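Grab the two chains, each in its own frame, and use the hints to assemble them into the complex.
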Amino acid sequence: MSLEQLNAIKFEEIIYDNLESCLVIFSRKDCHVCKEVVPLLEELQPNYLGKFGFYYVDVEEDKNLYQRFSLKGVPQILFFKEGEYQAKLVGAVDEDKVIDKIDEVLES
Amino acid sequence: MGDLKYDLIIIGGGPAGLTAAIYGGRAKLRTLVINKGTVGGLVNTTREIVNYPGYAQISGPDLMKDFKKHADSFGVEFSRDEVVSVNFSQEDKIICTKKRKEYMAKAVIIACGSEPRLLNIPGEKRLQGSGVAYCATCDAEFFEGEDVVVVGSGDQAIEEGMYITKFARKVTVIVLHDEGVLDCNKVSAERAFQNEKMEFVWNSTLEEVLGESNVEGVKIKNLKTGRSSELACQGVFFFVGMIPSTHFLKESGIGMDSRGYIPANDLMKTDLEGVYAVGDNRVKYLRQVVSAAGDGATAAVAAERYIEELNAFNTSVLKNDKQVLLLFFNALNNESLEFSTLIEEANQELSEPYKVVKIDTATKKNLAQKYDVKIVPSVVVLDRGQEIKRLDYSMDKEKLKAQLR
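Chains as they are written, first to last, in this note's numbering: chain S, 13 to 120; chain Z, 715 to 1119.
Just chain Z, same shape as in the assembly (with noise of 0.2 Å):
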């Protein structure tokens, strides 16, 4: 099992994993990024990116194979695979994959990205693939002549949208809201509506796919009269939202909003130490390729800074040759700084017989809870990593000296 031990596993290989990698390896750690696809995540849908900085034009699975040729560049790992169930609640931290392997890391990054939202229509699922479609690269071609319907009204709606009409005779666009509002970019909406095979129905959404063994027609209902309406058309193309794929992390006891997305911190840190969230998987503002590669850096540093931390501790208190005093203080508690005073006079006085390791309970909750320490001051007596007292608590300097002997 010695080989599937890491210090960083990164789930998911998209911008945002891809770049924590690259930081990973930098930072030498033993970094492996599982991913089940082709690297490179959602990124590979786009055709075209035209705002990440240094590219002023490139298509996503260009910029992907970048970023994958850079990550490999510092001896980062990779493996085709998906995580099925996951146990963060040790120190080393248990991924367990459909391809039945049992990975150890000490840090986990979780970028695992998102997937396609479904309204869950009738006909919906029935008519994937005979004319319900989520991806306008992959299928747009099949519906060469033919009438196509598009829902939402977002940047990929409607760019995918324009890319049907290269092949439908024509698109109509599905809007929730008033004419005239689209929620893509500018530049988009204006090319959209100057686009002679593209039309809009406003204040609608779609209620069915209509159709026996290939769609034949939707139905659409207007949000503002209530009224339902067909419309014959042999395509219908969906793109209304994503959702986080953290599905498998249910069991896990990570902190998530009702929608999947993880709440982080600004160092992508999740509620669970040693387990950070970036990308498309956290609660943010802005989702784009550049700040997806913006998280990754950052959790990746986090990561290697907890790693290290941990080795730290690992060697000055579980591998020391001399007994370890296992200080725990809170900085805001004042009577635990000043024990912690006493304790090391204490400890000179009686010329060193320990090492005197102070804990911040504070930013230490992780050690707080191992040790199972509610209170501060609290003396954990360590002789190579176990446990061998506790000290009572005294201001006396002379009753802890005797305890110390």
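This is chain S alone, in the form it adopts within the complex (with noise of 0.2 Å):
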């Protein structure tokens, strides 16, 4: 299952309006490494349904928002609770690190 991409407007909509627990992927299509961490989040996903949102932002298409959390480079993975900021992944994560990092995030 792909990933639900956010424009700044849905952004908003889904981090400060419904607090929502979740992390967004910060990635770009040419970018390989991203390449290997967006296939990796879609295959956790479906574990997480109802309980942890899973989002993708195009860095290129809103560059406003990583202006915002002034991040320098892709993949990063922002995770969020509450309408907070919580931690981020930086980079070649595996899938062990996502999901003890949503571990943490549903458990603080």
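Simulated from the structure, these hints should not be mistaken for laboratory data. Just so it is clear, the structure is predicted and the values come from calculations on it, not from any experiment. Glycine included, every Cβ here is placed at the ideal spot set by N, Cα and C. Accuracy of the hints is not assured; some may be wrong.
[What the hints assert, rightly or not] Within a straight-line C-alpha distance of at most 27 Å, the following computed BS3-like cross-link-like pairs (lysine-lysine) qualify: (1) Z:K998 to S:K109; (2) S:K100 to Z:K820; (3) Z:K935 to Z:K1036; (4) Z:K1113 to Z:K820; (5) Z:K779 to S:K47.
[Said to hold, decoys possible] Only part of the chain S face toward chain Z is listed, based on derived beta-carbon distances under 8 Å: (6) I21; (7) K22; (8) E25; (9) K41; (10) D42; (11) C43; (12) H44; (13) V45; (14) P51; (15) R80; (16) S82; (17) L83; (18) G85; (19) V86; (20) G103.
This is how it looks when you write it as structure tokens:
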């Protein structure tokens, strides 16, 4: 299942209005490391249906979003809970790291 | 488990692995490529390839898509997974993956490529994604109008450095060598020297990446004077070479040098029977797409022949209705050659109750090992693959016949 892509408006709505517990991967089409990480998230997503959201931001299409978090590279996975930024994972992460981080965020 | 048994498994889907897959598929071997990311490997990070024959200019990802399509057309299977451990000690090689699958193969080609080397200096790891980067295509744009430092002077460092100048205000390249000496190709060097946004710091290396939550600068050490200086910047790109991604093979007993490269002969054979190493995984002179492809072709053909011999042995020896005399000889050992003639004669005179299969221990080390044969000549008598006895060595034909009756 592919990840739902967010633009600035959608981002605002999900993170800050709905206060959803979720992760957002900041990615771009021609980044090879992103191409390793995105499918991994797509596979994990069904295990967290209704519990934890998985979203995607394309940094080329939505520059203002990565500028807002002053990101300096992709892929980066940002974790949110109750409208607050919790943590991030950078670069070529593996499944276990993502699972651990989700657990951490859910339990905090 | 039956569907996880393959003739040939290729670990890695870069140009070497995909070429091996094309050859394996075409040879009608049941072939699987296990690849952890996007098929294409490191070639995917190259924006422009101008030295692959037949393609005057093509992007890395496009070239790899063509390779993949070609492999698909020969019925090769692909699995997006990562190999975590292997067991190459038996004839059937076992490969375990992160998705908890256990594959079996008659032959394995190691083509898993390499990954960027880290300098392991303070700040490098901590500031990854916060100014420290390894891929210009991915990250250059984040440094629009800023100052960037590039470490290294190989093809990748200089070409990526020039790409970064499209976005950055200034790119400072830290070079180990004396003034004017770069490791990259001459065309790129000339272009880099003419690029107004490129600056060079010679005879130097990076000591530390500075900054709290984002990169704010670097500490540069001059190797000639030993003096350190600081340079303010917002980004640091490391291009200090690659290391082979062969760590998962550490326990396998395969021969590797201290840096993790696998020595292989001109057939791409490693020191383990039925296991081949290609492309960036082996000790070699040139690391290019074209040479990687060449390696892949050689390894697949060598693997095909190896499998053929293996199958031939299985049908002629292990499934033969007749009892089999497995005769181990060595072409350099005259005694063993004379003995082999004598055995054939004795067998014929008894009107061939046995099928004689001769095995040269110099080339079939795995069989000698399997039957625990340490000296030549030796004869193992098999009944449907089961050892029933061993013959005593004798150059007396009658004594031999007595043992064969």
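Okay, the hints, checked on the actual structure:
1. Of the supplied pair hints, the one linking Z:K998 and S:K109 is violated, its CA atoms being roughly 35 Å apart against a limit of 27 Å.
2. Distance check on the hinted pair: S:K100 and Z:K820 sit about 43 Å apart at the alpha-carbon level, beyond 27 Å; violated.
3. A hinted pair counts as satisfied when its Cα atoms are at most 27 Å apart, and Z:K935 with Z:K1036 does not qualify at roughly 75 Å.
4. With a C-alpha separation of about 40 Å, the suggested pairing of Z:K1113 with Z:K820 is violated against the 27 Å cut-off.
5. The hinted pair formed by Z:K779 and S:K47 meets the criterion: a straight-line CA distance of about 14 Å does not exceed 27 Å.
6. Against a cut-off of 8 Å between C-beta atoms, the interface hint on S:I21 is violated, since the closest Cβ of chain Z lies about 23 Å away.
7. At a threshold of 8 Å, the smallest CB-CB gap from S:K22 to chain Z is about 22 Å, leaving the interface hint violated.
8. Given the 8 Å rule on beta carbons, the hint for S:E25 is violated: about 26 Å separates it from the nearest Cβ of chain Z.
9. Given hint, S:K41 at the interface with chain Z, is violated; its Cβ is 10 Å from that chain's nearest Cβ, farther than 8 Å.
10. Nearest Cβ of chain Z to the Cβ of S:D42: about 6 Å, under the 8 Å cut. The hint holds.
11. A least Cβ separation of about 4 Å between S:C43 and chain Z falls short of the 8 Å threshold, and the interface hint therefore holds.
12. Proximity of S:H44 to chain Z holds as hinted, the smallest CB-CB distance being about 4 Å (cut-off 8 Å).
13. For S:V45, the shortest C-beta to C-beta distance to chain Z is roughly 6 Å, which falls under 8 Å, so the interface hint holds.
14. For S:P51, the interface hint holds, since its Cβ comes within 8 Å of a Cβ in chain Z; the closest pair sits about 7 Å apart.
15. Because the beta carbon of S:R80 sits about 13 Å from the nearest beta carbon in chain Z, more than 8 Å, this interface hint is broken.
16. Among the interface hints, the one on S:S82 holds; its C-beta lies about 7 Å from the nearest C-beta in chain Z, closer than the 8 Å criterion.
17. For S:L83, the interface hint holds, since its Cβ comes within 8 Å of a Cβ in chain Z; the closest pair sits about 7 Å apart.
18. For S:G85, the interface hint holds, since its Cβ comes within 8 Å of a Cβ in chain Z; the closest pair sits about 4 Å apart.
19. Look at S:V86: its Cβ gets to within about 6 Å of chain Z, closer than 8 Å, so that hint holds up.
20. Evaluation of the S:G103 hint against chain Z yields a held restraint, the C-beta minimum of about 6 Å falling below 8 Å.
In this structure, the hints that do not hold are numbers 1, 2, 3, 4, 6, 7, 8, 9, 15, in rising order.
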